[in-house]
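Asker: Residues per chain are reported as follows:
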Amino acid sequence: MKILITGAGGFLGKRIVERLLAHGQTDLRCMVRDVAKAQGLRDLAARHNVEFEIVSVNMRNAAEIPAAISGCGLIIHAAAALKGSPAEMFMDSCVASRNLLDAVAAMQATSPVRVVQISSFGAIDVNSQPRGALLDERVPMEPHPEKRDLYSYTKLRQEQIFWEYQQRFRFELVVLRPGVIYGPGGGRFSNRVGLELFGRFMHLGGSNLLPLTFVDNCAEAIVVAALSPQAAGQIYNVVDDDLPTSREYLQRFSQQVQPMRAVPVPFFVLMAVSRAVERYYQRSKGQLPAIFTPYKTMAMWGGNRFTNAKLKAIGWKQLIPTNEGIARSFAWFRENPVAKK
Amino acid sequence: MCYNWACPVSISPSLRPAAADFGPALRVGIVGCGKIADAHAEVLTFLPGATLVAVCDREVLLAEQLAKRFAVPRYYTDAAEMLAAEKLDVVHITTPPAAHLPLTKQCVEAGANVFLEKPLTLTAPESVELIRAVEAAGKRLAMNYWPNFEPQMMEFKQRLAAGEFGEPVHIEASIGYDLGGAYGQALMSDPNHWVHRMPGKLFQNIMDHMFNRIVPFFPDGDPEVQAFGFKYRTEIRNDSTDALLDQLRVVLRSGRLSAYATLASQAQPVGNTLKLYGTRATVEVDFNLRTVVTTGSQRYPSSLGRLFPPFQQAMQYLRQGRKNVRAFRQHRFHFFAGMTELLTQYYAAIRSGGPLPISYAEMLSTARIMDEVNAQVYPQNNTPNATDGGAA
Numbered sequence: 001m002k003i004l005i006t007g008a009g010g011f012l013g014k015r016i017v018e019r020l021l022a023h024g025q026t027d028l029r030c031m032v033r034d035v036a037k038a039q040g041l042r043d044l045a046a047r048h049n050v051e052f053e054i055v056s057v058n059m060r061n062a063a064e065i066p067a068a069i070s071g072c073g074l075i076i077h078a079a080a081a082l083k084g085s086p087a088e089m090f091m092d093s094c095v096a097s098r099n100l101l102d103a104v105a106a107m108q109a110t111s112p113v114r115v116v117q118i119s120s121f122g123a124i125d126v127n128s129q130p131r132g133a134l135l136d137e138r139v140p141m142e143p144h145p146e147k148r149d150l151y152s153y154t155k156l157r158q159e160q161i162f163w164e165y166q167q168r169f170r171f172e173l174v175v176l177r178p179g180v181i182y183g184p185g186g187g188r189f190s191n192r193v194g195l196e197l198f199g200r201f202m203h204l205g206g207s208n209l210l211p212l213t214f215v216d217n218c219a220e221a222i223v224v225a226a227l228s229p230q231a232a233g234q235i236y237n238v239v240d241d242d243l244p245t246s247r248e249y250l251q252r253f254s255q256q257v258q259p260m261r262a263v264p265v266p267f268f269v270l271m272a273v274s275r276a277v278e279r280y281y282q283r284s285k286g287q288l289p290a291i292f293t294p295y296k297t298m299a300m301w302g303g304n305r306f307t308n309a310k311l312k313a314i315g316w317k318q319l320i321p322t323n324e325g326i327a328r329s330f331a332w333f334r335e336n337p338v339a340k341k
Numbered sequence: 001m002c003y004n005w006a007c008p009v010s011i012s013p014s015l016r017p018a019a020a021d022f023g024p025a026l027r028v029g030i031v032g033c034g035k036i037a038d039a040h041a042e043v044l045t046f047l048p049g050a051t052l053v054a055v056c057d058r059e060v061l062l063a064e065q066l067a068k069r070f071a072v073p074r075y076y077t078d079a080a081e082m083l084a085a086e087k088l089d090v091v092h093i094t095t096p097p098a099a100h101l102p103l104t105k106q107c108v109e110a111g112a113n114v115f116l117e118k119p120l121t122l123t124a125p126e127s128v129e130l131i132r133a134v135e136a137a138g139k140r141l142a143m144n145y146w147p148n149f150e151p152q153m154m155e156f157k158q159r160l161a162a163g164e165f166g167e168p169v170h171i172e173a174s175i176g177y178d179l180g181g182a183y184g185q186a187l188m189s190d191p192n193h194w195v196h197r198m199p200g201k202l203f204q205n206i207m208d209h210m211f212n213r214i215v216p217f218f219p220d221g222d223p224e225v226q227a228f229g230f231k232y233r234t235e236i237r238n239d240s241t242d243a244l245l246d247q248l249r250v251v252l253r254s255g256r257l258s259a260y261a262t263l264a265s266q267a268q269p270v271g272n273t274l275k276l277y278g279t280r281a282t283v284e285v286d287f288n289l290r291t292v293v294t295t296g297s298q299r300y301p302s303s304l305g306r307l308f309p310p311f312q313q314a315m316q317y318l319r320q321g322r323k324n325v326r327a328f329r330q331h332r333f334h335f336f337a338g339m340t341e342l343l344t345q346y347y348a349a350i351r352s353g354g355p356l357p358i359s360y361a362e363m364l365s366t367a368r369i370m371d372e373v374n375a376q377v378y379p380q381n382n383t384p385n386a387t388d389g390g391a392a
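Going down the list, the sequences are from chains D and Z.
Quick note, in full-length UniProt numbering, the first sequence goes up one by one and the last residue is 341.
Quick note, in full-length UniProt numbering, the second sequence goes up one by one and the last residue is 392.
Honestly, the hints are just simulated from the structure, not real lab data.
Since we're looking at a predicted model, the values are computed, not measured.
Errors might be hidden in some of the hints.
[Claimed, not checked] What follows is a set of in silico ranges between Cβ atoms, one per label pair, in the way DEER data are often shown:
1. Asp-102(D) / Thr-234(Z): 33 to 41 Å
2. Gly-132(D) / Thr-234(Z): 32 to 40 Å
3. Lys-87(Z) / Phe-268(D): 34 to 42 Å
4. Trp-163(D) / Gly-354(Z): 49 to 57 Å
5. Met-260(D) / Thr-51(Z): 40 to 48 Å
6. Glu-248(D) / Pro-73(Z): 30 to 38 Å
7. Arg-283(D) / Gln-312(Z): 51 to 59 Å
8. Asp-102(D) / Ala-84(Z): 25 to 33 Å
9. Gly-354(Z) / Tyr-280(D): 51 to 59 Å
10. Gln-256(D) / Val-60(Z): 24 to 32 Å
11. Asp-178(Z) / Asp-34(D): 17 to 25 Å
12. Glu-109(Z) / Glu-51(D): 41 to 49 Å
13. Lys-231(Z) / Glu-248(D): 47 to 55 Å
Positions of the beta carbon are idealized from the N, C-alpha and C atoms, including for glycine.
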């Protein structure tokens, strides 16, 4: 079975390719948008002494997709926008997905295909749950994505589109919702830890457990679910075990990467600030953006926890222990310091 | 000499009428829900006397997200359907410029006034056709030259009109563009991006902002244009993005007045200034700092004339900073304050039939200068005689 991986040149995509190879899947077609990102994949193929296809496709252009998915029995859709303007993010996450699914729908009658979508915890209606609750895959989807951060909105809309098409065209769909994907080459701090404001790092996560998943563990989860017959039509949370609190992560980062002078902001203070920011936004007619609102704050820093029991039930095992994942990441951060602007 | 900016139309925020004074709110729609549409929706959310009632994009997901994020009641994928259903007073057209002419015709024929994103069209003759269509329909047009209505530009225009700087001798407009930024990356990573298909490519998308600051100083006709375009970046991607030049220098002259325009895509920080060398003082408007600072004649003898000026300049920045803080405290310091001012003036002109904030002659002069620049820096794509668009 030929397997297509979209976003294969990305942080997660490359690891998915590696895990597929580890599972003995070598008939791969790697889709990248920017040919400049293909070199990492070529190196990967050389290291594993295999050959796989690399195709360059801009998924905003629907016409480019049918040929790229032709002959594939499994599509792992890892391409998504992480940043950019709202329109750019919707184009690269939602429009690109819709274009992909149009091509899948056209192919489905003659050549059935299983589709795996990488969603996010951002798609979940965490605000309907008690603060700090343990959330499984039965929690409904966010009813007010427009009130959340842009990334969450795009990921939620993307997942909705996948379910809409699955209902209409009846292909096999598997959805994975990773938490914070981290690792060498990734970001240093999730917003769940905090934000840099006015040159100071505001520690907003306090004693919340960070829903981390090391990039190799996440890729393994995707591949296990993608290849598992019983995963069809299912949603899986993807999060590692033995998670650190936000405070522990930050302390360890300070000790092992670089000293951080973070300003701790307790949750009740953050909520008060969020209410004030929202009021100011209205009173000043949008003079400053409402980057904090009670709704966003509750969703991002409310301290919900996520279970991975369902993922384990289909055979996923955490490849890299969290301690080691953090150590590897921090080692990479030390060797690759962020250039000062 | 009368140059157009010596007679600014300004509505002081403190004198601006309350929402109740406008009468029925203008019904506004947006066509084109890409990046810049966000700015329009943001300004319209809080603008008195106007209500954003509908948005439209051929891509339904883009129309949907803009409508939901800004609580717009309805969204469409067909402009004709929106125009028929919504009976709009004004349509903001925020599509790529190739669609400006047909969409403007469609809107004015449906009875709507039009607020256009820059550039006006792809060529000056098309621009003439567009303005004729607006006039034939008895409707009114404005372009989103919002930086020219920023608080510091309003101050500059008033002080210019008061004669503080004397007669202009030379003008410099400078603007930067970060090709490594989010917007720059969007077009550099996509060889099919619409910017690559415009006659002036990247320049055409942003050089308006230089020339529309210079054109009001040449009210008697188009200046002579000498343009130089070249590429600073070295990386080659082996696709159509390679054809894109990233540096533009333009010299303009008419009679005793000269001007110089710089578009630099690699220099940091990304600049955005207007400098006027006058017979009494030289003044620089910095759009990023929101300051208007003059360099006056030296008043002190000998080395004292080198000692005091930095402090005099510092005092000017202090005064400008205080003014900005005051505006911020009064909630008049929004990022797109210039668009709020421009739309306030434009909507007032629609209601009253009074003068428009930007004359059609200025728009067309800017379009002709852009055609001339394109012909000189991309001669293979642009015929030299393509700039025959006369003033409407």
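Asker: Of the numbered hints stated earlier in the document, which are not met by this structure?
Answerer: 2, 3, 6, 7, 9, 10 and 12
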